[in-house]
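Quick note, the sequences are listed as chains A and B, same order.
Be aware that the first sequence starts at 125, since it is given in this note's numbering, and climbs by one per residue.
Be aware that the second sequence starts at 562, since it is given in this note's numbering, and climbs by one per residue.
Please keep in mind that the hints were generated in silico from the structure rather than gathered at the bench.
Do not rely on the hints blindly, as some may be mistaken.
[Claimed, not checked] Ranges between beta-carbon positions, derived for each pair:
#1 Ala476(A) - Arg640(B): 24 to 34 Å
#2 Leu375(A) - Pro603(B): 54 to 64 Å
#3 Asp485(A) - Ser707(B): 26 to 36 Å
Only a predicted model underlies this, so the values are computations on that prediction, with no experimental measurement involved.
For every residue, glycine included, the Cβ atom is placed at its ideal position computed from N, Cα and C.
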Amino acid sequence: MFNLAWRNLSQNRTQFLLGVGGVALALLLMLTLDALLAGSEEDLVAYIEQSDADIFVAQAGVKNMHMAASAITWRDLRLAEHNAEVISASPILYTTSVVNAGDSDVLSYIIGFDPDEPLGGPGEVAVGTAVLDTDEVIIDDAVARSQGLALGDEVEIMGHNFTIVGLTHGLTNIVNSVSFISLRDFQMLRPGDAVSYALLDVAAGADPVQVAAAINDRNPDVLALPTAEFSREERQIIRDMSVEILNIMNLSGLLIGLAVTALTLYTSTLRKRQEYGVLKAIGARNHHLYSVVAAQAALSLLLGFVAAIGLVWLLGQIIPLAVPGMGLALTRTGITRVLISTLIIGVAAALAPAWQLARLDPAQVFRS
Amino acid sequence: MDAIMQVEHVTRRFGSGRTEVVAVDDVSLSAAPGEVLLIMGPSGSGKTTLLSMLGGLLQPSSGRIRIGDDELTQLDENRLPDVRLHHIGFIFQDFNLLSALSCLDNVALVGQLNGLSRKDSRQRARDLLEQLGLGHRLTFLPEKLSGGEKQRVAIARALVNQPTIILADEPTANLDSHHGHETMRLLRRVAREEQRSVIIVSHDQRIKDIADRILWLEDGAFKNVVEMAADPVCGMSVDKDSAPAQVMWQGRTFYFCAHGCRDEFLADPETFMPDQAN
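Bound-form chain A, shown alone (with noise of 0.2 Å):
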């Protein structure tokens, strides 16, 4: 019954095409949306993962870093460090604007780093130095590409002209990317007593959850959260604000889905009908005649996937090199939730052509 159900399946070219090609489009759109959030997702943590930081210290009540607003007294920054399991606490300060070059704009999170405190930096610099002086900055390979900069080029930043001294290399987001000054520089800029962050490195063998909760414990004003669970605060960001429009966009991939895999499934049972009434005819079972049909849906169902996940893949080669910033990342939960919606697809497309073949009278094939 497979061998009847792949030869009904491929015996028109045109229409196997059509029908695997509308499934795999419709799982495409699924799978595509989520890799992109997924993506996003690790474009906006990767500076907090790559920081090297055990704990960020920020004001009570605050979680995360994007879009969000962070002030912590350097006294409270002293308290934290006052911590024996605590090696060191480097201060970053941290806004959101623009890096100007020339005619355009670049949304930037713009953060200010101590060069002589061990963290706050950039993880990694690809190119140049990442030890900063008075009026340099670090920006983005992503940036520097697209905007034609390069090293010892100037950019303006909150109305001052820096000098690009190195680039970091994954640090853009599909909304904007992470810029680095010296903290002297940004208190020039942005005066005022308080940083927005402290990034703590803890001893070894220390447990990060322990110290954050010694310096929660001790300290009201502030909020101190191990880096794994602050980098799950700001993905979590990116899921709220996304999950209506990956729930809207699963739906339409599950219906249009639905639609083509029903209509290519029903459209090839009505065609094959009599041959169908000949086969039961001859003592062919519903079983049989369901199963002909259950694998015809499992075959274009399977190919579809696997071509969707194949041009996904080949979607996240090409669109970080057409859009800087722009990553596409497969997870798992997105798979998972596509085989599901596929399964699903699969069951209730077969469900009218299988009741029509359970209508199907044998006695037709006598009656040309």
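Use these hints to put chain B onto chain A, whose structure you have.
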């Protein structure tokens, strides 16, 4: 000889009250092993309805149909597919091969439905197709075959489960004269050599030549029963009632189209005994 199929007083009505139509009216017949039974009749005479009932595709309103030990009219609907699969081979007017499958797969599929393994069913299908002269067409799709070849594949498909009865609906209708004769010879061979009952519904007068009996169906009932026999000398089909000559030999009656054939037979009967002939 015991009949393979026994049909007793079968009637089939459609509709009720003033709109009731009696498609088949109190029909009885039996089919013996090795017998070719031809049912003829004008359009609308009830041939298709009768054939559908004989094939277990339609239940009669009254009467009984028995195949071997199974009484179709008493069987649950769920058991009818098994009876069709095991006991009946179907041959259709339009061949009705599965267009997406090769000749081999068309035949093998029916074996697989009957529980044979893929390997065994393909082997049996291959053997049958080779016997029917289609060994060089095994991988061809039906669209690549001539009408005669398609009908031979259909015959192979009907035979693959070694049924006791072959039901053929207008098997020569879409064939030219040559392929029509070829199909007729094949059906006769199937009946004679493998002791199957072949029941043919047809308008084709040529089939009379291979039929042992001809039943004329009109307005749902048999009007005239003509029993045919093959002249053992020339092979021509002759009406038993009006045969010009007949001879008893070793307890059997032989019918001849002419006295010349009878004389030739009597000169050396052993030569023309059916067991010796093809």
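Right, here's what the structure says about each hint:
1. Between Ala476(A) and Arg640(B) the CB atoms are about 28 Å apart, so this pair conforms to the stated range of 24 to 34 Å.
2. The hinted range of 54 to 64 Å is satisfied by Leu375(A) and Pro603(B), whose Cβ atoms lie roughly 60 Å apart.
3. Checked against the given bound of 26 to 36 Å, the beta carbons of Asp485(A) and Ser707(B), roughly 31 Å apart, stay inside it.
Hint check: no violations occur; every hint is consistent with the structure.
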